[in-house]
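Now for the letters of each chain:
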Amino acid sequence: MATTIPVGPYHPLQEEPEHYLLTVDEEEVLDVDVQIGYNHRGIEKLSEKKTFNQIPMLVERVCGICSHSHPYAYCLAVEDCGEIDVPERAKYIRSLIGELERIHSHLLWAGLAGHFIGYDTVFMWAWKYREDVLDVLELLTGNRNAYAMLKPGGIQRDIKKEHLEEARPTLERLKDKSEMLYGAVLDDPVLKARLRGVGILSKEDARAYGALGPTVRASGILIDVRSDFPYGAYEDVDWSVITRNEGDVFARVEVRLLEILESIKIIEQIISTIPDTGAIDSEPEEIPPGEGIGNYEAPRGECFHYIQSDGTNRPVRHKIRAPTFMNFPTYRATCIGETVADATIILASVDPCYSCTERAIQLKGRKKIDLLELSRQRTAEIKKEYEQVENPLEEVLDE
Amino acid sequence: MNPSLFKEELSGRFGWRLGKTESSTRRLYITPAPEIFDELVQFISEDNLARLATISCVDHRDHFVLLYHFALDESGFMVTIKLPIEKNGEPSTESLAARNPAAEWIEREIREMFGIDFENHPAKKRLLKADSLGDTDFPYRKDFKLEDLEGD
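Protein chains in written order, with the numbering used here: chain A, 2 to 400; chain B, 251 to 402.
Do not rely on the hints blindly, as some may be mistaken.
[Unchecked claim] What follows is a set of in silico ranges between Cβ atoms, one per label pair, in the way DEER data are often shown:
{"id": "1", "chain 1": "B", "residue 1": "255", "chain 2": "A", "residue 2": "231", "range": "11 to 21 Å"}
{"id": "2", "chain 1": "A", "residue 1": "176", "chain 2": "B", "residue 2": "392", "range": "43 to 53 Å"}
{"id": "3", "chain 1": "B", "residue 1": "338", "chain 2": "A", "residue 2": "159", "range": "48 to 58 Å"}
{"id": "4", "chain 1": "A", "residue 1": "159", "chain 2": "B", "residue 2": "313", "range": "43 to 53 Å"}
{"id": "5", "chain 1": "B", "residue 1": "254", "chain 2": "A", "residue 2": "159", "range": "36 to 46 Å"}
{"id": "6", "chain 1": "B", "residue 1": "349", "chain 2": "A", "residue 2": "31", "range": "18 to 28 Å"}
{"id": "7", "chain 1": "B", "residue 1": "393", "chain 2": "A", "residue 2": "44", "range": "14 to 24 Å"}
{"id": "8", "chain 1": "A", "residue 1": "6", "chain 2": "B", "residue 2": "258", "range": "48 to 58 Å"}
[What the hints assert, rightly or not] Lysine-lysine pairs mimicking DSS-like chemistry, simulated, CA-CA at most 25 Å apart:
{"id": "9", "chain 1": "A", "residue 1": "46", "chain 2": "B", "residue 2": "337"}
{"id": "10", "chain 1": "A", "residue 1": "50", "chain 2": "B", "residue 2": "395"}
{"id": "11", "chain 1": "A", "residue 1": "46", "chain 2": "B", "residue 2": "332"}
{"id": "12", "chain 1": "A", "residue 1": "51", "chain 2": "B", "residue 2": "395"}
[Stated by the list, open to error] Going by beta-carbon spacing under 10 Å, a handful of chain A positions derived as facing chain B:
{"id": "13", "residue": "36"}
{"id": "14", "residue": "43"}
{"id": "15", "residue": "81"}
{"id": "16", "residue": "117"}
{"id": "17", "residue": "164"}
{"id": "18", "residue": "210"}
{"id": "19", "residue": "228"}
{"id": "20", "residue": "273"}
{"id": "21", "residue": "292"}
{"id": "22", "residue": "303"}
{"id": "23", "residue": "309"}
{"id": "24", "residue": "326"}
{"id": "25", "residue": "329"}
It should be emphasised that the hints constitute simulated quantities derived from the structure, not laboratory data.
Note that the coordinates shown come from a computational prediction; the quantities given were computed from them, not determined experimentally.
We put the beta carbon where it would ideally sit given N, CA and C, even for glycine.
Could you build all of it, start to finish, from the sequences and the hints given here?
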């Protein structure tokens, strides 16, 4: 007999509100229904009230993880509309930040995926390594998230040469750690048994649903905006698009972990070949009437922005389509017929967008704080207090 | 393949009915005669394996325009087909979702936000509009005032 299991909209395991309705027959999932929109903030409508230069600040807040992707896609749309050229140095810096963002997003996902299947070691590893990436982002842009680097025609601020050099050893360390993580995941018999052959998205289904990013590349379709519609520095660096043919959850894990290594390769080349000087902004005066499309390869797939201008300083229409909007409906092809226990990891395997803005850093130049040491000190202090009163209970009784 | 070659191929096939076109190195915009719309979409998405990136809806106050953005990933350009929709009465057009599952959520979003009905759509239920908004409130239309949402 069929039973319905509601999951969400507020659920301890989900970071964002979504409502799933699983129809199940014992362990088998017969149907899935999804209700979204709990996070709908009307950004497209708000954008019509902002000037072209104000919009990057707004669209940066569409997503806490892809905070470089949305403004980048928007800037590409405006530059397409106004036929604006971007200086070479600005293109390199844009791509550099974009790749760092991809690494931190993929590590974040790898950690969450590990957590979803009850493998918390992967969660702790991945999130620990992710901290290094966030430190590099903070070093270069001043922010761990919402880097505020983009504007139509270029970038807002330049980055320093010494900071780039300072980032190198961290990236080197990250490369070793990512290789280790990839090896550990690939060799793990438990993970293989858990994820191989689960939630298969066939090549035909992936194409029909218009799936994007790592989701579609794990199904053997070679689509990547960075190579199909080159922008930024991608034409000048040597890299390859990662694909897998299996289409299951394991393949999606593999594609993302390999993309981390590919991104490190791109970043290293950018640091070595970036033009030392030069303009970072072409300072466009006005946006002529017309329309423009910007598509950008975000960590989850193609992020699509469309703008229409009537020659004033505000867009008439600004359409935003995030990659998850296309990836998510593939659950129809992947979840049905699987077990309830697998449904969570299948739904999570397209990496539906989560927000993360928690902030805890160690400021440079200040005394290093060791949390373990701090905890020992506190214990010692408490112990001392108790030692002064030999028997605390006795003193209370005396009073 | 590039946009201007593709345009020539299309005009060879559809002649004058292809209507007004604009092209640049990576973009092709077409406003075809409404009667060839289905055939054109089929030719682009099925014969040329283009991916439906999304559909944008623009409210021009007296009418809507739907822009169907197709990506030809292998050739590296975008083809956008524009379809004007009358605003009077109940604006509607034929749904692509039955043939192209990618259109399902996209059309549901436009239906909720702009009030354009997609005929023969497989799932006409609410996807993302807030419960507090009625079935006839269309927040992305130009005549919808943000102030109306206050106190919500």
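How the hints compare with the structure:
no., hint, in the structure
1, B:255 with A:231: 11 to 21 Å, "19 Å, holds"
2, A:176 with B:392: 43 to 53 Å, "51 Å, holds"
3, B:338 with A:159: 48 to 58 Å, "53 Å, holds"
4, A:159 with B:313: 43 to 53 Å, "46 Å, holds"
5, B:254 with A:159: 36 to 46 Å, "38 Å, holds"
6, B:349 with A:31: 18 to 28 Å, "25 Å, holds"
7, B:393 with A:44: 14 to 24 Å, "19 Å, holds"
8, A:6 with B:258: 48 to 58 Å, "55 Å, holds"
9, A:46 with B:337, "19 Å, holds"
10, A:50 with B:395, "12 Å, holds"
11, A:46 with B:332, "21 Å, holds"
12, A:51 with B:395, "15 Å, holds"
13, 36, "7 Å, holds"
14, 43, "6 Å, holds"
15, 81, "7 Å, holds"
16, 117, "23 Å, violated"
17, 164, "34 Å, violated"
18, 210, "5 Å, holds"
19, 228, "9 Å, holds"
20, 273, "27 Å, violated"
21, 292, "8 Å, holds"
22, 303, "7 Å, holds"
23, 309, "6 Å, holds"
24, 326, "6 Å, holds"
25, 329, "8 Å, holds"
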